[in-house]
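Novice: Based on these hints, arrange chain B on the given structure of chain A.
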Amino acid sequence: MATAEFAEVLQAARRGSHQAIAVLWRELHPRLLRFLRGLEPVAAEDVEAETWFVAARDLADFDGNEKQFRAWMFTIARNRLIDWRRHEARRPRTAVTPDVLNRPADDDPAATALDVVGTEAAVALVRSCLPRDQAEVILLRVIGGLGVDEVAAIVGKRPGTVRVLQHRGLRRLTEHFTRSVVDRRGVTE
Amino acid sequence: MTRRGGFSGDMSRFALDADAAERLMTGVVDIADAPPGDVAVARILRALRAAPDGWELVGESDAVEQIAAAVVLERTVRPIRPSRRRSPRVAVLSATAVVVCALPLVGGLASAGALPEPAQDAAAAVLGKVGISVPISDPSDNRPVPASAVPGPPSTAAPNPGVGAANPGAGAPAPDAGRLAPGSSSAPVPTEEEGHQRGKGASGARPDDEIHGAGKDDRPHTGGGGGDGGNGKSNHER
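Chains as they are written, first to last, in this note's numbering: chain A, 1 to 189; chain B, 1001 to 1238.
Honestly, I wouldn't trust all of these hints.
Computed footprint of chain B on chain A, listed as stretches where at least three residues anywhere in the stretch have a Cβ under 8 Å from a Cβ of chain B [as the list claims (entries may be wrong)]: (1) 2–13; (2) 73–81.
If you want the footprint, here are the derived chain A segments under chain B, 3+ residues with CB under 8 Å [what the hints assert, rightly or not]: (3) 53–63; (4) 119–130; (5) 136–148; (6) 168–177.
Bear in mind the hints are in silico, worked out from the structure with no lab data behind them.
Here a beta-carbon is modelled for each residue, glycine too, at the ideal position from N, C-alpha and C.
Next up, chain B with everything else stripped away, as it sits in the complex:
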């Protein structure tokens, strides 16, 4: 068993501190000055770093010839390789191609009136100058109708001002209410927390929506409470 803090008696001969090891590796220790146990190792390491024998340099001319040929070949091949950096000419050409492809697309969309409002106006102004009539966007289009403007289903429940003020969606009876009491005209008044949770996914939906499966639509409602089936479109868009 090895003694604490050291090698066993047999192994102590091979103890080698880090400095001595580094000196051996770098060859700064002369063989004559090497510790007695490390003389043979120092001799081996010196042999490893010895100057090359004649036979080790045999075939120099052939090797150099082939390496030089490879270097020259690489130099001639390298410029042919495509550069990652685009030349200005290529950049101009690609920009022109993009514009040429995009013009008919934008023109088509503008003539169909399918562009967003500002883009549609801009396209109408530009194309109008060259004699192409393009419809101007209707400001009333795409404008969401506020939920408060659409009359919700009549509720016989007692008003709960705290709920409606905090969460507009919670003001209407939640679809769960219909599930609890199908066909009942008096849905239970949700607590503030319940109303908040229900209002998240069912704002403006009638209680019947859940029963008919139409209220499962996750798209946001913007005042579609008037029996639109919860498909997210306002009456005006139709």
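Next comes chain A alone, as it looks inside the complex:
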């Protein structure tokens, strides 16, 4: 979206134009949902809906270009997610029986990803393979289309730390795939 075009869309969205809000929603809803599913699949849809309502409330105060708007939305989503985690941590939990823990997964995301990689499988793979901070950085950079500095501002870390986290995450994914291929060959041979 061109800068001028985005400014018009944002201005119309502030007035409550359905068309303008639909443009913003189509652009950001899939990204936000993927990002949240990559971190907390159970809460992704609720947190995403909450993100939009916070954005609607504060839309009049936002001033910036399209990339800044994207970063702003991801910041809200991340903050909502942190709130949700805090809330969940205070709730009493039901015990999980060991049978459930030992049950094998229905599908192996790594195996799926190597063949036909769908978005859902890719998100699941990032979630299952990477620690939370590495997954967060990679999802923000790739799904959010944000630069290192913007991601650093969102996660509250230094740009150098973000680079290290993304590098470790990529290396870990590569390592995971290499092992997965070796395992599959071992099974088939």
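Specialist: Same frame as chain A, now just chain B:
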């Protein structure tokens, strides 16, 4: 053990330089051009940034409707919120309220003669014009009497000109002197340093003050050496 300056043989397969990592993250590397070890990762990252599937956009109309309603609601609620900036009318009203409250207070203080000297004079001049008589401040009031004007206790000690000139408070015998020799009429002459330290908290106090506990008052003395007990008030104020 890892060799110096590099990965072990097993880990070297996963080595990824910063530029290659950045190219992968931004998606500028085509999967066909990706290094052999990173093809799978490049494929995953491409899938992450793929265009949305149809099912991901399900519920658009409902979501847009609700967001638009929230935006419109916020727009209608927002003007009701109190603004931080005061309107001129509010400023005038609050200034009037302050003046109305302050007038009786100042008038009362002026009629009691409790205002500071310049304020008392000004209040007397203003209120005198409207027919209210208010006492004018007495210029002799509140004027500190110089310490040199009040005769200190007789000292039989030898004069120490250096002390008195440097520190007026040190000219009088310090209360410590009384403690050292209670009831003695000849207190020891303090050295310059001692006199300076003693003079800080006990200027003009008699040696007996310390004994009677009256010299412990920390308030400044302005010539109250004539047996006022060190309460800081001059004889004139009484």
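Novice: For each hint, tell me whether it holds in the structure or not.
Specialist: Hints, one by one, checked against the model:
no. : hint    : result
1   : 2–13    : violated (count 1)
2   : 73–81   : violated (count 0)
3   : 53–63   : holds (count 6)
4   : 119–130 : holds (count 6)
5   : 136–148 : holds (count 6)
6   : 168–177 : holds (count 6)
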